[in-house]
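Same order as they appear, the protein sequences are chains A and B. So for the first sequence, our numbering puts the first residue at 1; every next one is plus one. So for the second sequence, our numbering puts the first residue at 330; every next one is plus one.
Hints listed in this document are in silico derivations from the structure and should not be mistaken for laboratory results. Any given hint could be a false lead.
Said to hold, decoys possible - When the alpha-carbon atoms are kept at most 30 Å apart in a straight line, the in silico DSSO-like pairs for lysine-lysine are as follows:
# : chain 1 : residue 1 : chain 2 : residue 2
1 : A       : Lys238    : B       : Lys422
2 : A       : Lys242    : B       : Lys420
3 : B       : Lys618    : B       : Lys604
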Amino acid sequence: MLGFIIRRLIAMLLTLVAVSIVAFAIIQLPPGDYLTSYIAQLSSTGDQVDPRVIENLRVQYGLGEPFYIQYWKWITGIVQGNFGQSFEWKRPVWELIWGRLGNSIMVEGLAVIVMWVIAVPIGIYVAVRKYSLGDYLATVAGFIGLAVPNFFFALILMYLAYIWFGTTMGGLFSPQFETARWSLPRIWDFLAHAWAPVLVLATAGTAELIRILRANLLDELQKPYVTTARAKGLPEWKVILKYPVRLALNPLISTIGWLLPALVSGSVIVSVVMNLPTAGPMLLRSLTTQDMYLAGAIILLLSVLTVIGTVISDILLALIDPRIRYGSK
Amino acid sequence: MPLIPMDAKPILTIKDMSIVFSSPDEADIEAVRQVDLTLSPGKTLALVGESGCGKSVTARSVLRLLDRNARIQRGSMLFAPGDEPPTDIAKLKADSLPLRAIRGREISMIFQEPMTSLSPVHTIGDQIDEMLILHERLKPKQARERTVALFDQVGIPGARERADSYPFQLSGGLRQRAMIAMALACAPKVLIADEPTTALDVTTQAQILDLLRQLQADFGMAMLFITHDLGVVAEIADEVAVMYLGDVVEQGSVFDVFAAPSHPYTQALMSSIPKMARKADRVRLSPIKGTVPAPRDRPEGCAFTSRCPHAFEPCATVRPERTALGNGHHARCHLLTRQPAEVVA
Numbered sequence: 001m002l003g004f005i006i007r008r009l010i011a012m013l014l015t016l017v018a019v020s021i022v023a024f025a026i027i028q029l030p031p032g033d034y035l036t037s038y039i040a041q042l043s044s045t046g047d048q049v050d051p052r053v054i055e056n057l058r059v060q061y062g063l064g065e066p067f068y069i070q071y072w073k074w075i076t077g078i079v080q081g082n083f084g085q086s087f088e089w090k091r092p093v094w095e096l097i098w099g100r101l102g103n104s105i106m107v108e109g110l111a112v113i114v115m116w117v118i119a120v121p122i123g124i125y126v127a128v129r130k131y132s133l134g135d136y137l138a139t140v141a142g143f144i145g146l147a148v149p150n151f152f153f154a155l156i157l158m159y160l161a162y163i164w165f166g167t168t169m170g171g172l173f174s175p176q177f178e179t180a181r182w183s184l185p186r187i188w189d190f191l192a193h194a195w196a197p198v199l200v201l202a203t204a205g206t207a208e209l210i211r212i213l214r215a216n217l218l219d220e221l222q223k224p225y226v227t228t229a230r231a232k233g234l235p236e237w238k239v240i241l242k243y244p245v246r247l248a249l250n251p252l253i254s255t256i257g258w259l260l261p262a263l264v265s266g267s268v269i270v271s272v273v274m275n276l277p278t279a280g281p282m283l284l285r286s287l288t289t290q291d292m293y294l295a296g297a298i299i300l301l302l303s304v305l306t307v308i309g310t311v312i313s314d315i316l317l318a319l320i321d322p323r324i325r326y327g328s329k
Numbered sequence: 330m331p332l333i334p335m336d337a338k339p340i341l342t343i344k345d346m347s348i349v350f351s352s353p354d355e356a357d358i359e360a361v362r363q364v365d366l367t368l369s370p371g372k373t374l375a376l377v378g379e380s381g382c383g384k385s386v387t388a389r390s391v392l393r394l395l396d397r398n399a400r401i402q403r404g405s406m407l408f409a410p411g412d413e414p415p416t417d418i419a420k421l422k423a424d425s426l427p428l429r430a431i432r433g434r435e436i437s438m439i440f441q442e443p444m445t446s447l448s449p450v451h452t453i454g455d456q457i458d459e460m461l462i463l464h465e466r467l468k469p470k471q472a473r474e475r476t477v478a479l480f481d482q483v484g485i486p487g488a489r490e491r492a493d494s495y496p497f498q499l500s501g502g503l504r505q506r507a508m509i510a511m512a513l514a515c516a517p518k519v520l521i522a523d524e525p526t527t528a529l530d531v532t533t534q535a536q537i538l539d540l541l542r543q544l545q546a547d548f549g550m551a552m553l554f555i556t557h558d559l560g561v562v563a564e565i566a567d568e569v570a571v572m573y574l575g576d577v578v579e580q581g582s583v584f585d586v587f588a589a590p591s592h593p594y595t596q597a598l599m600s601s602i603p604k605m606a607r608k609a610d611r612v613r614l615s616p617i618k619g620t621v622p623a624p625r626d627r628p629e630g631c632a633f634t635s636r637c638p639h640a641f642e643p644c645a646t647v648r649p650e651r652t653a654l655g656n657g658h659h660a661r662c663h664l665l666t667r668q669p670a671e672v673v674a
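Next comes chain B alone, as it looks inside the complex:
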């Protein structure tokens, strides 16, 4: 296992990014408003949030895989492998050579649905060989050897024969393993996993998580893990970032965030996890009040204002600053910087 110093400099830094979707019939929608994330080599950052909060959009934007109607309006994504000056991915053109050199080789991605994310009419071996031929300029035969070795590594039995099968001939778990082999083919420095276990059953899910953890130890890549499952976060992540309606409201180490959630949304999430307890000690789960507003109804200030039990005067109008809480733990909440009037009084 490659040794990674604790204070390793981040390999990918997303700063104050905003992504806007435009459509000819409606006003623009700012699906991602304020995202700050840092990824370090050998570490896993879990990005959690409910459906539609912009976590997948954020993940896809790192490889610039968003549709034509989406644009990165503000912010930067600094990718800094090794000692070279960092590249700002947000500034690259979507089909440009520098970006294509990063896609698949430096940063790669695993998708949620391995069935539909693999082409049904090409063998899985062919779909992986292709990457090695493209990025490492291998001959087809050498590429196939590497693919077979990768299959062994991700635990696909009968690797050589499996490389010639089509996605529909494999089980869901094997398909996701093939997908992982594809993502790791060129030993990328960053792996983005967009809900890789959501479509799998629970036992397979656990196997895939184990595999990802072990491969991270072998390859030493940074991992951005998108999920809505806090149990999965606890299992795989070193750090966690919580997203709500386009804003990253809190980022910190898993221990800090789980032990001392600092944003009211994170606190609410934590108290909505069912806990095992003796009958006498059982408490009712406390759901978060209200529903997520549509992005166009989002208040100018903190997005959580409409549902926050602690909301006070500046919340609806002023966007909270990113406040450092020590040990790399950050949160965006006015409660951390000023005291509500009632409390002071």
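So here's chain A without its partners, still in its complex pose:
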């Protein structure tokens, strides 16, 4: 088991190096750089730009240098904890993103938990009671959840909240808590704001999880070991929870890793609609203004989260499935 974890961690480091190169390549992909869009912006407002100033800036930021030198400067900075300077905000990238990324992780982490808490019991129920009324209801509700775009659901929710309760939904904190330190009232305020975006973000994923779990569990319920468990005299609920459900969850656990990035990229529009201070809108903005260090840092951190998530799900899988634990000696 220890060897397994060590091998996974080494693989993780190598993947991270590869990911950082790709991330840097992606933010370099659009033609031009921040300065060209800066110049375009300035000249559109009629300002004159001194070519010497531009040239100085280009040298200062090292924008004219070849790709590998720029990458090397960037990555050595990051290893030392320096993510560079945002062109647009004129502030260190780290200062800008850490709060936003924290919000993202909290909101989307909660969405993942809500997804599982709702989907697992329903998935088990609909598989065990296949073709029952409950199964059909869950299927219909699930497909609606899958088909309705998240941002649209968010709009409906905000509209209804305004019509019925007269409240405007949006943001994650009330103004007085915006910059306050974490405390019980702030947590309460956060939860009072966060439930709506969490619910919105969880809908599509919940529907998908229910379908996957139902299909897996229907397969597992046919297996002979389930009959063996029944023949032992175990009560039906225990038979199902201890044996087939445990095996049916395996494929779901391996999806934990890529749930997070899927949620972050999927939540951009919802975050814009609901005015959430998460990483998504900031990533979108930094990409349009070619604020490359900011965009690069967000992409890199999301990738790191994905890789870490994958490693965690690998280790979890090995913990619950001995065939993986012993098979990978």
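Chain A is already provided as a structure; the job is to place chain B on it using the hints.
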């Protein structure tokens, strides 16, 4: 070895049972039409028949392990351990407390494929401890001690370490031994073995049969042994019941049935076994003519009519009665009760 009198009263009596499978798209199928079986303590009854004749369905129905779309339409399964009044298993609900008290504790089952019949993600020890904790209310530690003792008894070497291994780490023979240990954990009164040796190679098969015979002597349980292998029947069974397309056509002691098969299907089965003989004495094997009809094409009368060389007027329409032939030997065939017209003439 516990002494069992020859005329011990049966522990499980299945009477005129019929099992119907329904599906939303098709007409109901009566997979088991007419099954009468008796099991006595300390005795082994082999249930033989070709694939699809309903022998596994019959075996599973004893523990009510059939799928939701199957129902017992007619008949009774009287389980009579000791002196208490017998329980009719056919009348119990599938997940009811009285039935769960019988499953695993009074009647247990060994399955054909030990690999898929054991959970791949639980240790075999855990899967057996669970039964002892459930039925005998043992503490986990005591249960594990019993499991280890059972492993010793079924001949698993290094019992204590083996209890912590997973099914995929054991060989096929050891897995089946573990399965047997599981079935015997609570010293059941009836053991149902559904083709326990079919998935094993021949040497392992012989070892498992020896083990089962010896354990039966130790535990004194009745055994219902499902197989399609007449060689295995001769080796392990005291009694044999022959099934054809949902009907038990003949039941009797192995000696009687092998020496004097009374139903044309049994006779045909016996003559399809290859025999060792000198070259001059060799005869061609005589296969049974035709193929097994689908249950929906089964004649109202005797199911074997379409392939029976002796079929005559009442066979296709009238179901033959269960006729006693003495010494507990029964068969269902019109030949035993009336004479075909040609013979009389």
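Consistency of the hints with the structure:
no.: 1; hint: A:Lys238 <-> B:Lys422; result: holds, 17 Å
no.: 2; hint: A:Lys242 <-> B:Lys420; result: holds, 28 Å
no.: 3; hint: B:Lys618 <-> B:Lys604; result: holds, 20 Å
When held up to the earlier numbered hints, the structure conflicts with none and fits them all.
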